[in-house]
Amino acid sequence: MNGVHPAFDAVLADLGDRHRDEVLAAFAAVEHAAQPVPEGSLAALRDATLRATLQRLLREVGRTLVQAGPHEWTSGYRDDVAAAVLATDGNPLPVADRAVLALVLVHSVAIPRSQGLLDRDAWTSAHPTPVEELQRFARLPREQLRAALARLRAAGLLQLVPERGRGAGQGSAYLPGPQLHRLTPAARRRLQEELVLAAAPDTPLAAAVRARRPQDRQEGHRTGE
Amino acid sequence: MTVAADALWWARARARGPLRVPAGTVAPEGLARLVEPDGRDVWILPVPPEQAGGGAIEEFGLSGTPPEQPNDTARLLAAVVRCCWTDPTAAIWPGADVPWDAVTSVFRHYADRDESAFLRAAVAAVRRLHGAGWVLWDERGRRVRLGPRVAGWSAADLTVLRELYRQMPGPREGRPRDQPQDRPRDQLLEPREGDAG
Chain A
1 MNGVHPAFDA
11 VLADLGDRHR
21 DEVLAAFAAV
31 EHAAQPVPEG
41 SLAALRDATL
51 RATLQRLLRE
61 VGRTLVQAGP
71 HEWTSGYRDD
81 VAAAVLATDG
91 NPLPVADRAV
101 LALVLVHSVA
111 IPRSQGLLDR
121 DAWTSAHPTP
131 VEELQRFARL
141 PREQLRAALA
151 RLRAAGLLQL
161 VPERGRGAGQ
171 GSAYLPGPQL
181 HRLTPAARRR
191 LQEELVLAAA
201 PDTPLAAAVR
211 ARRPQDRQEG
221 HRTGE
Chain B
1 MTVAADALWW
11 ARARARGPLR
21 VPAGTVAPEG
31 LARLVEPDGR
41 DVWILPVPPE
51 QAGGGAIEEF
61 GLSGTPPEQP
71 NDTARLLAAV
81 VRCCWTDPTA
91 AIWPGADVPW
101 DAVTSVFRHY
111 ADRDESAFLR
121 AAVAAVRRLH
131 GAGWVLWDER
141 GRRVRLGPRV
151 AGWSAADLTV
161 LRELYRQMPG
171 PREGRPRDQP
181 QDRPRDQLLE
191 PREGDAG
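Taken in sequence, the protein lines are chains A and B.
The first sequence begins at 1 in the working numbering and counts up one residue at a time.
The second sequence begins at 1 in the working numbering and counts up one residue at a time.
Bear in mind the hints are in silico, worked out from the structure with no lab data behind them.
In this text, all values refer to a predicted model and were calculated from it rather than measured experimentally.
Heads up, the beta-carbon is just placed ideally off N, CA and C, and yes, glycines get one too.
Be aware that one or more of the hints could be misleading.
[Claimed, not checked] Label-pair distances were calculated between CB atoms; the ranges are:
(1) A:Arg142 - B:Pro169: 32 to 40 angstroms
(2) A:Ala147 - B:Tyr110: 36 to 44 angstroms
(3) A:Pro130 - B:Ser116: 38 to 46 angstroms
(4) A:Thr203 - B:Leu119: 26 to 34 angstroms
(5) A:Asp14 - B:Arg33: 48 to 56 angstroms
(6) B:Phe118 - A:Pro204: 54 to 62 angstroms
(7) B:Gly39 - A:Pro204: 27 to 35 angstroms
(8) A:Arg139 - B:Glu163: 24 to 32 angstroms
(9) B:Pro70 - A:Pro130: 20 to 28 angstroms
(10) A:Ala83 - B:Pro169: 46 to 54 angstroms
(11) A:Arg56 - B:Glu68: 31 to 39 angstroms
(12) B:Ala124 - A:Asp89: 22 to 30 angstroms
(13) A:Ala198 - B:Ala91: 46 to 54 angstroms
Chain B extracted, bound-state conformation (with noise of 0.2 angstroms):
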């Protein structure tokens, strides 16, 4: 006998992170579909009830696996966040394409030190994102989007983000451009990092 679709897919997507398949795939119902914005793929991302998703286990006195350098990781999220969500009031993806300056130049605000520093801990931290997928990072073309798992954020955890982005400052310099379906696909890179267990 064979493995059941849907537990395949569920696993695959634990394993490998949202995957990025072509958008014809048919993937079972319980799964989300992101489309992206060329609408040439889509991701497939497991999203389960909330109370059996992640943040559920702090009431139990449980923690999952901490990231590393978990202030600034959490601070350039919230500098891509800043950045890439241009319409608070819309869905938080796919958002805009941003040039890397603009997300650096939030993120600034939070960890200011010394330019190399700075720059190290920059771009470990959006390293850490993008293998998780929630950022996207492409670093040659020097640009960023917001990884399809943003898209499993709650409606409620959403209304607490719009606060914080209120009351962020905004990029310093770069326009957002709202088509990244201008780039070739391979300057995306996809996550490469999942829940190995």
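One chain only, chain A, in its complex shape (with noise of 0.2 angstroms):
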């Protein structure tokens, strides 16, 4: 199917062949590779001008880049479109899913963070969940329960960790997948947020991120298109 593309039109009329190619390359692989893209690769990630073009057109397909490390480069929902997105919508995850990855965020991430072995702001992570701790905790049934991990890992927001990094005898485990790279630093802190006023509603931490929410809205609104 070919086709007119006004929202690519629109960003790139102004640059020379080379330059679109360039642009439209990066497109490609920070929309649609699995893994976070090193900026050595791809001349429109490395030179400053061109990634703002980049930005430009993830912009007007309710895109923005997003910086996944140094030097490494993937794409996210902007903060607004992502908001509109679930008004419009509704979440895409069935509730099991999000009970489930949320399992997996609290034992491969929140409590690792809490003990001073992860970055602050990652959400990925090299502490597997073993199935087992799934099994206990989510409480669903079995064929629920694998449903919800297949339905995950085709998401890219699971994945199960290769059987050698587990030890003989082990089970399976799973560790937070891929897209999580794709959080933008506000996502980043509202699902932190939203782990602690989960896990722990009762304290002065919650509390605060309670009071602050008001003000948060106000700014979205405010950065919004």
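Combine both chains into one complex, guided by the hints.
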């Protein structure tokens, strides 16, 4: 299917052929690669001017550049667009999937982070969550848990730990998936706050989160398009 | 200020996969509109320039998220294409609505194993493909159609596919039915999974 691409044409119209190709290649890379892309591999990620054009192009389609690490880039939903998508269609994940994902994030990220083993801002982790842990705490029928794990793996939100990384005789285990790299700084902060509210709702930290929420919403309106 | 309509449509389609909406819905230029055979609904599908699509990243040594059981998944999609694309000189979508047994009869050529393992593999593969919008699977009615995502395949892709199509064995049983509108709409399950990121 060919077509008209007004969103792309509007941003790329002033570029020469070579720069246009470079921006489109970088767009494909950050939008479709499973993992963050090293900026050295693509001119439009390396060069600040072309990267600004790439950012404008991503914004046209509801996305934004996300720096996943030093010299590594990916893309994610713009914060204002993510809020609008949720308001329009609701959460695309069934509640069982969200429960399972939250358990893995608590086990693989929140607990190691509270022990000082993980960077404060990261949502990826090398601390696996054993499947027995999920069976015990998710309280879902085995078939429902299996289906939720399959959907979360397909969406890139969870990944199965390779067998050789688990040691002999160990059951399967999960880690947060590569899609977590796509969270913007604001989305990472909201996720952190949601876990605080869920895990420790009566703490001063949770009270502080609740107190700043209305202010957040006002900021969101100001920064939205 | 509000989010621009184009940005919201692109993002919704990324989150949900192709969007099925009533035919009167206005969607921005730049998103493909695929009319359902019954004319009541349309699918809204973002189709970026080919250089910006997922097929373009391999040349940079990058890879997308691979499907689970990639061989079985690809073979089952091939079987659905072989059964549903009844006229390979015509557009691939919407194609025909065919019995599940016809699809498994083609899939069996590429996945011959004991019966229960074969059926498990076929159902797992069609479930994955349905979830991603490549195939529309009516589990209760045991019918299969091609999903709207195949309409995004380029002319070059279709040329290659036509060659492969001619080399594949056809379905052993079940005649394609060209009028999926015969069935109530709610039997056509919609894709559930999109890209969460």
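Tested hints:
1. Between arginine 142 of chain A and proline 169 of chain B, the C-beta spacing of about 38 angstroms keeps the proposed range 32 to 40 angstroms intact.
2. Checked against the hint of 36 to 44 angstroms, the pair alanine 147 of chain A and tyrosine 110 of chain B fails, with Cβ atoms roughly 25 angstroms apart.
3. In this structure the supplied range 38 to 46 angstroms is violated for proline 130 of chain A paired with serine 116 of chain B, their Cβ-Cβ distance being about 29 angstroms.
4. A beta carbon spacing of about 51 angstroms between threonine 203 of chain A and leucine 119 of chain B contradicts the range 26 to 34 angstroms that was offered as a hint.
5. Separation of aspartate 14 of chain A from arginine 33 of chain B is about 29 angstroms and departs from the stated range, judged on CB atoms against 48 to 56 angstroms.
6. Between phenylalanine 118 of chain B and proline 204 of chain A the C-beta distance comes to about 58 angstroms, which sits within the given range of 54 to 62 angstroms.
7. Take glycine 39 of chain B and proline 204 of chain A: their Cβ atoms lie about 59 angstroms apart, and the range 27 to 35 angstroms is violated.
8. A C-beta distance of roughly 52 angstroms is found between arginine 139 of chain A and glutamate 163 of chain B, which places it outside the suggested range of 24 to 32 angstroms.
9. For the hinted restraint 20 to 28 angstroms between proline 70 of chain B and proline 130 of chain A, the CB-CB distance of approximately 26 angstroms keeps it satisfied.
10. Evaluation of the 46 to 54 angstroms hint for alanine 83 of chain A and proline 169 of chain B yields a pass: the beta carbon distance comes to about 50 angstroms.
11. Taking 31 to 39 angstroms as the suggested C-beta distance range, the pair arginine 56 of chain A and glutamate 68 of chain B conforms, at roughly 36 angstroms.
12. Distance hint for alanine 124 of chain B and aspartate 89 of chain A: a CB-CB separation of about 27 angstroms, consistent with the stated range 22 to 30 angstroms.
13. A beta carbon spacing of about 48 angstroms between alanine 198 of chain A and alanine 91 of chain B agrees with the range 46 to 54 angstroms that was offered as a hint.
Hint violations for this structure: numbers 2, 3, 4, 5, 7 and 8, all remaining hints satisfied.
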